[in-house]
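Novice: Here is how the chains run, residue by residue.
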Amino acid sequence: MKQLRRITERFVQGILTLSGSITSLAILLIVIFLFKEGFGLFQNSEIEKGYVLCLHISNPVERIHSKQVKAIFDSEITNWQDLGGKNEEIKLFRFEEIFSIYPEEEMGEDYALLPQKLGEVIEQNPSIIAFLPERYLPAKNKSVKTLPTNNVDLLDFFGGKEWMPTSTPAPQFGTLPLILGTLWVSIFAILIALPLGLGVAIYMSELANERIRKWLKPTIELLAGIPSVVYGFFGLAMLVPLIQNTLHLQVGETALTGSLILAIMALPTIITIAEDAMRNTPQAMREASLALGATHWQTIYNVIIPYAASGITAAVVLGIGRAIGETMAVLMVTGNAAVMPHSLFEPVRTIPATIAAELGEAPMGGTHYQSLFLLGCILFIINMIINISAEMISKNQPSRGM
Amino acid sequence: MDKKAKQKIAFIAFRVLSLLVVGILFWILGFIIYNGIGVINWEFLTTAPEDGMTAGGIFPAIVGTCCLIVGSIISAFPIGLLSGIYISEYAGNGRIVKFIRIMTNNLGSIPSIVFGLFGMALFVNTFKFGDSIIAGSFTLGLLILPLIIRTTEEALKAIPFSYRTGSLALGASKLQTIVRMILPMAFPNIMTGLILAIGRVSGETAPILFTVAAYFLPKLPSGIFDQVMALPYHLYVIATSGTDIESSRPIAYGTALVLIIIILLINLLATVLRRYFGKKVKTN
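Quick mapping for you: the protein sequence lines, in order, are chains A and B. Mapping the first sequence onto the numbering used here, position 295 (from 1) lands on 295, and the numbers just tick up by one. Start counting at 1 in the second sequence, then tack on 1000, and there's your number in the numbering used here.
Mixed in with the good hints there might be a few duds.
Under the rule of at most 30 Å between Cα atoms (straight-line distance), these lysine-lysine pairs were calculated in the DSS-like manner [to be verified]: (1) A:86 - A:36; (2) A:217 - B:1157; (3) A:140 - A:161; (4) B:1004 - A:36; (5) B:1157 - A:395; (6) A:86 - A:67; (7) A:161 - A:142; (8) B:1008 - A:395; (9) B:1098 - A:36; (10) B:1008 - A:2; (11) B:1004 - A:217; (12) A:214 - B:1008.
It should be emphasised that the hints constitute simulated quantities derived from the structure, not laboratory data.
Kindly produce the complete structure, drawing on both the sequences and the hints.
Specialist: Have a look at this one:
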């Protein structure tokens, strides 16, 4: 009997130990799946899957960067000279155009003659750039040159200024506008939220009596409990028209609107952590300051705030983290234009909003899908950095018993 | 300026700021309650959307959110509870518990859209659940796991140490002490965590976007592999993608109000539970 009980105890302890590791396991799984999908992007070709770009053999151009490919097909680059070739106008040729040159009947059974016809087109136009499916590649034709396709480049991903993951033939995965948009909105949100949150934290920790605190605390918690989609809806229905009308803008969905909503959403984090840090100031230090003739305000300003400085900094860092990761509210009020942010009064787009808006349309396993997972990896890493730095900052906070 | 005057100005400023923050909360609540109160009636709560979501009610979304609440609590609460017990009672105070705590904190602060991505990659695509209640419940369960672990741990830590030694001294084993002594005493506080988790689940949108939420489903789910509509996603859809904003706006206000009411009730319940039972433990 006694032995049975001991075995049961051991067994239960084993189960408990296992469940203790559940969060570590979850994080491990998240890392594996996010990074596996995300980094697959760099194994994929820069131009659309299953397609190649062909030139005439006499063309001296050996390599075209995906940005340039896009510029060519957008008719922004029109001369081969810009790419280091001869002074000739670039002739664009998309695969579908073959059917306006040759009628479909001439293609033979199962389009067997299609590669040959494509080859002829390229042969006749020395200044051509042709965008063809790989399986119709006119490999036998000696005057056709296939451009080597490079994989998506890490530098292009982080440094590119264009986010157009669905553009053909060369999708652009430049995340710079998204990263800057996210930082832009979040940092401005904290600039609004910090004075407000600090003021409330000082009031709650130093001035308010017990009764007011008892009411204020649940109020702040309620502010934290409101779902982000409700904040987004409030922003959309109330702030967007308000900002549009008072500032006479063309659209009300701007970076400023997003910052305002994010500021409100980051308030509870900032207030709670900063207040905790200030309340931790030892009573003896306050009394010493007051005994030296300082007023209450001087004590707060010269003793309590410096004492709580690292706690307040941690509050700010975590507030930024909250703002960076926020999805729905930002998605609903910032207008979602994936361009480099120039001013607060224009639409911007953040990383989370991009994932939420585009993942539904991205075909599974494609480069677009992978690039969105890579954005998720960036968010995950930013979040880790913020957490670790907040942890390290609050370690500097002296503990109560000094 | 003399220091008394400075103090006066500073303190007035703090009072004004605090009032401002409370004012913002009431502005948001008031705005939604004022616009939504006229929309909510029995019919709105019990019928399906009609005419491209410009008429009818939100019944399928309410049912869907309830399914997700039940599903995520079932998948996260037991293991979260066990994990909390382990951290508080068994793990001691060494490196392991520090590591677990850091991991729990990290999991708790991961942006919700990342959970959505992960849920899609693992549950929807790898496990082939498809967009379903079970995929959404697991994703949301992962999201509330840290909350449940943390509240359980805190609830257990709040029980005075002498209770444990007393029980052990009477000959009870460690497991008996935990099951018969510590858990019943910590029960109200653990429930508070559970209630807060329900609040979190009912409001989250990003994790369910790609794991369960359906744009429009007139019929109710018949099993755990069905898609459902959900209140927060429904609010997002009708607030942003309708062509007929004039007639869909009232429904959006109504949906937002239902969400707000759920959150208010949950916060009220949690506060009451905390105050009532918080006192009881102390006076015992």
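Novice: When the structure is checked against the list of hints, which entries are broken? Sort them ascending.
Specialist: Failing hints, ascending: 1, 3, 4, 7, 8 and 10.
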